[in-house]
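Protein chains in written order, with the working numbering: chain A, 134 to 284; chain B, 5 to 558.
Heads up, a few of these hints could be off.
When the alpha-carbon atoms are kept at most 20 Å apart in a straight line, the in silico SDA-like pairs for lysine to any residue are as follows [what the hints assert, rightly or not]:
(1) B:Lys-526 <-> B:Lys-500
(2) B:Lys-133 <-> A:Gln-212
(3) B:Lys-197 <-> A:Thr-246
(4) B:Lys-482 <-> B:Ala-508
(5) B:Lys-133 <-> A:Arg-236
(6) B:Lys-197 <-> A:Val-262
(7) A:Lys-247 <-> B:Pro-93
(8) B:Lys-537 <-> B:Asp-511
(9) B:Lys-197 <-> A:Glu-259
(10) B:Lys-381 <-> B:Gln-536
(11) B:Lys-549 <-> B:Ala-508
(12) B:Lys-414 <-> B:Lys-436
(13) B:Lys-436 <-> B:Gly-390
(14) B:Lys-197 <-> A:Ala-253
(15) B:Lys-384 <-> B:Ser-167
(16) B:Lys-134 <-> A:Met-224
(17) B:Lys-197 <-> A:Glu-229
(18) B:Lys-197 <-> A:Arg-254
(19) A:Lys-247 <-> B:Ile-510
(20) B:Lys-134 <-> A:Val-227
(21) B:Lys-134 <-> A:Leu-203
(22) B:Lys-133 <-> A:Glu-222
(23) B:Lys-197 <-> A:Pro-265
(24) B:Lys-554 <-> B:Gln-507
(25) B:Lys-197 <-> A:Ala-263
(26) B:Lys-133 <-> A:Lys-247
(27) B:Lys-197 <-> A:Cys-245
(28) B:Lys-133 <-> A:Asp-230
These are calculated hints, taken from the structure and not from any lab test.
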Amino acid sequence: MRVLSLGRWLRAGLVLPGGPASRHSGDRHSGHRPQAPPQGPAQKVSVEVLEHLEQLALVDFRDSEGVERLQKAIQFADQLHEVNTDGVEPMDSVLEDRCLYLREDDVTEGNCTKELLENARETVEEYFVAPPGNIPLVKLEEQKTYLQGSK
Amino acid sequence: MAAMATMVAAGCGGVWCRARQRCARWPGPGSRPFLRAQRAVVCNARGGAVSAGKSGLAPWIPVVGLEIHAQISSNSKLFSGSRVQFAAPPNSLVSFFDASLPGTLPVLNRRCVEAAVMTALALNCRINKKSLFDRKHYFYADLPAGYQITQQRVPIAVNGSLSYSLCIDNKMSQMVTKTVRIKQIQLEQDSGKSLHDDTRSQTFVDLNRAGVGLMELVMEPDMCCGEEAAAAVRELQLILQTLGSSQAVMAEGQLRVDANVSVHHPGEPYGVRTEVKNINSIRFLAKAVDYEIQRQIQELGNGGTILNETRAFDSKLGCTVPMRDKEGKQDYRFMPEPNLPPLILYDAKSLPANMNHQQVINIDWIHERLPDLPSVKREKLVEQYGILPEHSFTLLSEDGLAEFFESVVKQTQMKPKKVIGWILNDLLSYLKQHSLTVKESPVSSFLLADLLNLLEKKEISSTAAKRVLAELWKGEGKTPLETVKEHKLELLQDQKELEQICQAVIDGQENEVMAIKAGNRKVLNKLIGLVQKKTQGRSNPVLVKQLLEKKLSE
Chain A
134 MRVLSLGRWL
144 RAGLVLPGGP
154 ASRHSGDRHS
164 GHRPQAPPQG
174 PAQKVSVEVL
184 EHLEQLALVD
194 FRDSEGVERL
204 QKAIQFADQL
214 HEVNTDGVEP
224 MDSVLEDRCL
234 YLREDDVTEG
244 NCTKELLENA
254 RETVEEYFVA
264 PPGNIPLVKL
274 EEQKTYLQGS
284 K
Chain B
5 MAAMATMVAA
15 GCGGVWCRAR
25 QRCARWPGPG
35 SRPFLRAQRA
45 VVCNARGGAV
55 SAGKSGLAPW
65 IPVVGLEIHA
75 QISSNSKLFS
85 GSRVQFAAPP
95 NSLVSFFDAS
105 LPGTLPVLNR
115 RCVEAAVMTA
125 LALNCRINKK
135 SLFDRKHYFY
145 ADLPAGYQIT
155 QQRVPIAVNG
165 SLSYSLCIDN
175 KMSQMVTKTV
185 RIKQIQLEQD
195 SGKSLHDDTR
205 SQTFVDLNRA
215 GVGLMELVME
225 PDMCCGEEAA
235 AAVRELQLIL
245 QTLGSSQAVM
255 AEGQLRVDAN
265 VSVHHPGEPY
275 GVRTEVKNIN
285 SIRFLAKAVD
295 YEIQRQIQEL
305 GNGGTILNET
315 RAFDSKLGCT
325 VPMRDKEGKQ
335 DYRFMPEPNL
345 PPLILYDAKS
355 LPANMNHQQV
365 INIDWIHERL
375 PDLPSVKREK
385 LVEQYGILPE
395 HSFTLLSEDG
405 LAEFFESVVK
415 QTQMKPKKVI
425 GWILNDLLSY
435 LKQHSLTVKE
445 SPVSSFLLAD
455 LLNLLEKKEI
465 SSTAAKRVLA
475 ELWKGEGKTP
485 LETVKEHKLE
495 LLQDQKELEQ
505 ICQAVIDGQE
515 NEVMAIKAGN
525 RKVLNKLIGL
535 VQKKTQGRSN
545 PVLVKQLLEK
555 KLSE
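The following block holds chain A by itself, in its conformation from the complex (with noise of 0.2 Å):
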């Protein structure tokens, strides 16, 4: 499930950070623009990536197969490099063109308190109930993932 949401990430074209990202100011294309790779030999992802994206996106690649099927995607995903998008602006949605609905302000939902905690493992007085606060991930020396592994 967590390679699907990485692969699904990938596909919308975004290239893994090369490094700890800072928080983006208003520059449109600071995040979202590709970073051109050089042509030739494929880019190797760095493990420090890896480890910042492990991070992130609290997913595990558990062994070298799954590090190469990511390897694997971002090559598949950087074909897009060959076409020229010189001078064209960036699309962020097939929907740049519709009308963005506006809704009146009435209350037409909500009071099924019953519903939505039925799906929760765990309640407490309809309250849910989740694990405290931000767990702190397990010191990276501590952690035993495949990238460690091959340290």
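For chain A, the structure is supplied; the task is to place chain B on it using the hints.
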């Protein structure tokens, strides 16, 4: 080393701002010379200003920027039709979309867009006729979707300004106007609420608030101390309440303020900034900002460094502490919201001909219907009634007080300039003492006007009027006239009786009489006071003075 340490000197705020004026190179976005002149006004730094004049070190310049989240006042949420309400049974105001169940899509609430446009117009912003929605990703239990829909790339409005007033040196008589630039205003979703149960290592999540519309207002770092920040937020609060776009009650979480604080030496680049959260009132905002400024100055003065971190304000201890919850720097992985087309706003010129008018938001139409902003209302009060600017400032700071004042003025012959004294000095202090709002006042504008009429017609003295007001405050339903009669507070109209009393006082105060005749006129006041005492405040002091002087010159 003591010599190296910076001294904390209260009231040295002026050094900060005047030093800034001296600095030749002003680092900052789009240097605007006129801003320097504005900031030359003394900034009251009660949190602990720093001047290192004696040891020859450069002074510190604090820089404060605010990020404000105002909850939009609407019936339903930003992208769904569930109700917006403060206190309700947990998870009862949650739709499937708010709970992020699969198969749900966001549908934009028109009222929220109008509220944002109103606010942007009131703050002189440039409205982006085309704005976009984005997703901001992070993991937290009260954000079921794992992302928040916001407007990061192209927000609904940019480049505005907020003007606010500040008292210099705590004197109401000297008010100065300052301006802070608004970087942008954007629409975004609120998250749910987490209640932490640390003993059992779990968190309870209530999604009632998840998806409520927020306006995020980002201010440029144009402020330099807690007092400025507090005054700016107070003015913003009044504006939002006047517009009705947000009720802006901080205690109910409808207005949340985060402060970004840093310090640097004049001529050097901005220092590392920290973000201060968990500020629950305007008073605490001023305290938190001033504390953080002082902390940073002390830390840097001792040779330490400032971490770019998030700190929480602890109101009990009056200090900021690091927040352990944020693990390292967040990468929000912004991406366009694929389910929402761009938001298009129109004005009179660009209005499309064939569209359903319910689907069209016309900026000019909204502009025409904006109510008078607080600053405009204040000017009108000053112009119409001849009161001082600081008076009209106070009138508008209390909900309903301006209306009360105007109501009294209509019903009495007393001049507004005199009425204002009774409203601000007497009525307001009573209200504050008993923690009442103007609406809850036991003395109505009608009663007060009645009382002031008696005073104006010289049927009672002002001392007596104050006594009557104290009686009326008990709320026993008596009219001022009845109270006056009951406590025998009418001014003595009988000249003869007054003369007799004056004579009696003169006869009884030989020493004072001699002093007056010798040339010490001030002692006359003592005699007037004695007459007042004898008449139990029922004598007209001006008349008494005349009579005494006449008698003494005989």
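Hint-by-hint comparison with the structure:
At roughly 25 Å between alpha-carbon atoms, Lys-526 (chain B) and Lys-500 (chain B) are farther apart than 20 Å, so this suggested pair is violated. A distance of roughly 35 Å separates the Cα atoms of Lys-133 (chain B) and Gln-212 (chain A); the hinted pair therefore is violated under the 20 Å criterion. At most 20 Å may separate the alpha-carbon atoms for a hinted pair to count; Lys-197 (chain B) and Thr-246 (chain A) meet this at roughly 16 Å. Our distance criterion of 20 Å between C-alpha atoms is broken by Lys-482 (chain B) and Ala-508 (chain B), whose separation comes to about 36 Å.
Our distance criterion of 20 Å between C-alpha atoms is met by Lys-133 (chain B) and Arg-236 (chain A), whose separation comes to about 19 Å. Between Lys-197 (chain B) and Val-262 (chain A) the alpha-carbon distance is near 12 Å, which keeps this suggested pair within the 20 Å criterion. About 12 Å separates the Cα atoms of Lys-247 (chain A) and Pro-93 (chain B), which keeps this hinted pair within 20 Å; it holds. Among the hinted pairs, Lys-537 (chain B) with Asp-511 (chain B) is consistent with the structure: their alpha-carbon atoms are about 16 Å apart, no more than 20 Å.
Using a Cα cut-off of 20 Å, the hinted pair Lys-197 (chain B) and Glu-259 (chain A) holds, with the two alpha carbons roughly 13 Å apart. About 42 Å separates the Cα atoms of Lys-381 (chain B) and Gln-536 (chain B), which puts this hinted pair outside 20 Å; it is violated. With a CA separation close to 14 Å, the supplied pair Lys-549 (chain B) and Ala-508 (chain B) stays within the 20 Å bound. A threshold of 20 Å between alpha carbons decides the hint, and for Lys-414 (chain B) with Lys-436 (chain B) the separation of about 24 Å lies outside it, so the pair is violated.
Only pairs whose Cα atoms come within 20 Å are accepted, and Lys-436 (chain B) paired with Gly-390 (chain B) is rejected, the gap being roughly 25 Å. Among the hinted pairs, Lys-197 (chain B) with Ala-253 (chain A) is consistent with the structure: their alpha-carbon atoms are about 17 Å apart, no more than 20 Å. At most 20 Å may separate the alpha-carbon atoms for a hinted pair to count; Lys-384 (chain B) and Ser-167 (chain B) meet this at roughly 17 Å. Proposed proximity of Lys-134 (chain B) and Met-224 (chain A) is supported: the alpha carbons are some 14 Å apart, at most 20 Å.
Taking the CA atoms of Lys-197 (chain B) and Glu-229 (chain A), the gap is about 33 Å. The hint is violated against a cut of 20 Å. For the hint linking Lys-197 (chain B) to Arg-254 (chain A), the alpha-carbon distance of about 19 Å falls within 20 Å, and the restraint holds. Taking the CA atoms of Lys-247 (chain A) and Ile-510 (chain B), the gap is near 87 Å; set against the 20 Å cutoff, the hint is violated. Annotation: proposed proximity of Lys-134 (chain B) to Val-227 (chain A) holds, straight-line Cα distance about 16 Å (limit 20 Å).
At roughly 37 Å between alpha-carbon atoms, Lys-134 (chain B) and Leu-203 (chain A) are farther apart than 20 Å, so this suggested pair is violated. The hinted pair formed by Lys-133 (chain B) and Glu-222 (chain A) meets the criterion: a straight-line CA distance of about 18 Å does not exceed 20 Å. About 13 Å separates the Cα atoms of Lys-197 (chain B) and Pro-265 (chain A), which keeps this hinted pair within 20 Å; it holds. Our distance criterion of 20 Å between C-alpha atoms is met by Lys-554 (chain B) and Gln-507 (chain B), whose separation comes to about 11 Å.
Distance check on the hinted pair: Lys-197 (chain B) and Ala-263 (chain A) sit about 12 Å apart at the alpha-carbon level, within 20 Å; holds. The straight-line distance between the Cα atoms of Lys-133 (chain B) and Lys-247 (chain A) is roughly 42 Å, outside the 20 Å bound, and the hint therefore fails. Straight-line distance between C-alpha atoms of Lys-197 (chain B) and Cys-245 (chain A) comes to about 18 Å, which keeps the hinted pair within the 20 Å bound. For the given pair, Lys-133 (chain B) sits about 15 Å from Asp-230 (chain A) by alpha-carbon distance, which is consistent with the 20 Å threshold.
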